[in-house]
Amino acid sequence: MTRTVLQSLSRRPPGTVDSLRRCISGLKRPGSRRLEAWSALSLLIAAIVVLPIAVVALALLSPTPEVWRHLWNTRLPEMLSNTLVLIVGVGLGTLVLGTGLAWLVVAYRFPGRALFDWLLLLPLAIPSYVLAFVYMATLDFAGPVQTALRNWFGSSAWFPEIRSGGGTVLVMTLVFYPYVYLLARAAFHEQAATTFEAARVLGYSRWKAFLRVVLPMARPSIVAGLSLVLMEVLTDLGTVRFLNFPTLTDGIFRIWHGMIEREAAMELAGLLLLFALGALLLERRLRGRARYYQTGNRSQGIAPVHLFGWRAWAATGTCTLVLSVTFFLPVGRLVAWAVSEVMRGTPGALDALYWDFTRNSLILSGTAAGIAVSLAVILVNGVRISKHPLSRLAARWATLGYAAPGAVIALGVLIPLAALDHMLNELAAQWWGVFPGLLFTGSIIGLLYAYVVRFMAVAYFSVESSLEKVTPNMEDAARTLGASPWRVLRRIHLPLIRAGMFTGAVLVFVEVMKELPATLLLRPFGYNSLAIRVWQDVSESLWASAALPALTIVLVGLLPVVLLMRAATSDTRPRSEEIGRLYRERTGQEDGASARIQAEPALFRPGDEYAPQTHLPQDAHAVRTFTTRGTKHAQ
0 MTRTVLQSLS
10 RRPPGTVDSL
20 RRCISGLKRP
30 GSRRLEAWSA
40 LSLLIAAIVV
50 LPIAVVALAL
60 LSPTPEVWRH
70 LWNTRLPEML
80 SNTLVLIVGV
90 GLGTLVLGTG
100 LAWLVVAYRF
110 PGRALFDWLL
120 LLPLAIPSYV
130 LAFVYMATLD
140 FAGPVQTALR
150 NWFGSSAWFP
160 EIRSGGGTVL
170 VMTLVFYPYV
180 YLLARAAFHE
190 QAATTFEAAR
200 VLGYSRWKAF
210 LRVVLPMARP
220 SIVAGLSLVL
230 MEVLTDLGTV
240 RFLNFPTLTD
250 GIFRIWHGMI
260 EREAAMELAG
270 LLLLFALGAL
280 LLERRLRGRA
290 RYYQTGNRSQ
300 GIAPVHLFGW
310 RAWAATGTCT
320 LVLSVTFFLP
330 VGRLVAWAVS
340 EVMRGTPGAL
350 DALYWDFTRN
360 SLILSGTAAG
370 IAVSLAVILV
380 NGVRISKHPL
390 SRLAARWATL
400 GYAAPGAVIA
410 LGVLIPLAAL
420 DHMLNELAAQ
430 WWGVFPGLLF
440 TGSIIGLLYA
450 YVVRFMAVAY
460 FSVESSLEKV
470 TPNMEDAART
480 LGASPWRVLR
490 RIHLPLIRAG
500 MFTGAVLVFV
510 EVMKELPATL
520 LLRPFGYNSL
530 AIRVWQDVSE
540 SLWASAALPA
550 LTIVLVGLLP
560 VVLLMRAATS
570 DTRPRSEEIG
580 RLYRERTGQE
590 DGASARIQAE
600 PALFRPGDEY
610 APQTHLPQDA
620 HAVRTFTTRG
630 TKHAQ
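Using numbering that gives the first Met the number 0, the first residue of the sequence shown is number 0, and each one after it goes up by one.
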């Protein structure tokens, strides 16, 4: 724009051009200082977020032989083997179940298909530890299932033990399969029918075309979903503790609370961090450099085949069975327990104690969501207005926390904050003769710090996806008129990205409310949340008492699932309407699109639909935001 103005004034007197150049350069100098300030602020935020992970990594770089010898001679081999069993078992289970269900609802038509298309996302609302204790209470020796079997077949009736490795793999598979289902479903929808039909013309059966053509093209998305599953497996604490299958995360908690050995817990956390990094590297390795693009102007999805007779009802029955065991039956059991507790007036059922736990959860979740979204806005805006590579590097650093398990981040937060508390108490005693106490580790500050580190990526990618839709021409025009970067953010960007900020806040809010490992390790004494209440009641086998707080968490967890459902049911629109909207956006003309449609009616046949292509995130951090978390599509 500046070059155009200067060229238009090239025939004016030299003094006019020189004065204009001095004016423009004068406007740029303050802005450049502000841009450097944005970069510095982004680096500061990234350093604060990365600090807990760096603390744990440094502990791993300086191992203590005595600690590792003690761990190896006690329970480390068992914890390692159990962790590997879960990684392999849950990974294979979610891969088969998620991919199979996705192909079923995309490639076939059967009764209830449109409903199952988005209902299969409902298990995302249930934390794994909630489903674990419901299944434990239902399928345990004293539960209704085994009791009925003994009444029917005698005391010798056999039933598999739920508190085992197999039971843990089953529960986690049922909870985490939607990660693979969601991304595989999106990938199958995006594939062109011409590719699939070309394979059929070459003699491939429908099943063989799926294995040889469709599945390899969807591999990047499926592997990304699988990496999410592996990260959830590594960070899980409640499920493995309830079902008595100790893993590395459970070992960290037992060592910290049982033996109070800081070095052993830190080095075990470092080992768990290596597992998480290994999951990311495995995702990159399996995904490889595969990239698949549509070469045509329009991608018409694979035409589904109508199923009839027993095949149609078998497909409906399969989806119904999965939904029943993953959502409807567990939620129904929770509702029955909760109603029974409320009717009997049990302490903790809709009384002051329950509302106290709920208030604490709302305070933690709301505060963490507000902080995370605010910092995400600063980071995203820093990348937007600053061309310095450090701004982009800072943004990448700030999103590393989502790949680290909650227990790792909790210990990484606890060590530096404890040292800071100790230093402040020494200085206060030396200067004023008072001891302020544990200002950081004895309050919710440390807990909020861990939450922000853990879920910064969720807020960041939500805000980033909204800001990417804002044309740079707006801010360029504002900057030309002399607006500062802060004013551009306040007057232009913030009003336009409110939807992304709201979505990110909702996702962080729900994640914090469900978070268990970090809350257990960092909560102040006597400060309990809904997740802590579930943990305490289940640890004492009080299934019914844990039902109401668990049901509250599930109801809150439905919020991001609703966002995903909206995205799942709004991925098609009449092609003429979409083209008209795009035309108006580009030209600002109201009737140009309709004139184009009338001029070329062959391009817009009645009933023709346009399926806008969705750009799937190709790395684990972006996929986190897409799933919990579906931010880019939920807006």
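Worth double-checking, as some hints may not be accurate.
[To be verified] Pairwise CB distance ranges, derived in the manner of DEER restraints:
#, residue 1, residue 2, range
1, Pro143, Ser61, 21 to 31 Å
2, Glu425, Pro494, 46 to 56 Å
3, Leu557, Leu281, 28 to 38 Å
4, Ala141, Gly432, 31 to 41 Å
5, Arg261, Ala141, 55 to 65 Å
6, Arg149, Gly331, 31 to 41 Å
7, Ser61, Val341, 21 to 31 Å
8, Ser373, Asp475, 44 to 54 Å
9, Ala147, Gly441, 17 to 27 Å
Just so you know, these hints were derived from the structure itself, not from any lab. Fair warning: this is a prediction, and the values are worked out from it, not measured in the lab. Ideal Cβ positions, reconstructed from N, Cα and C, are used throughout, including at glycine.
Now for the hints, and whether the structure bears them out:
1. Pro143 <-> Ser61: 21 to 31 Å: 52 Å, violated
2. Glu425 <-> Pro494: 46 to 56 Å: Given a distance of about 47 Å, which is inside 46 to 56 Å, the answer is holds.
3. Leu557 <-> Leu281: 28 to 38 Å: 31 Å, holds
4. Ala141 <-> Gly432: 31 to 41 Å: About 59 Å separates the Cβ atoms of Ala141 and Gly432, which means 31 to 41 Å is violated.
5. Arg261 <-> Ala141: 55 to 65 Å: The hint (55 to 65 Å, Cβ to Cβ) is violated, given that Arg261 and Ala141 are roughly 39 Å apart.
6. Arg149 <-> Gly331: 31 to 41 Å: Violated: the Cβ-Cβ distance is about 23 Å, outside 31 to 41 Å.
7. Ser61 <-> Val341: 21 to 31 Å: Roughly 53 Å apart at Cβ, these two residues miss the hinted range, so it is violated.
8. Ser373 <-> Asp475: 44 to 54 Å: Given about 25 Å between the Cβ atoms, the range is violated.
9. Ala147 <-> Gly441: 17 to 27 Å: 49 Å, violated
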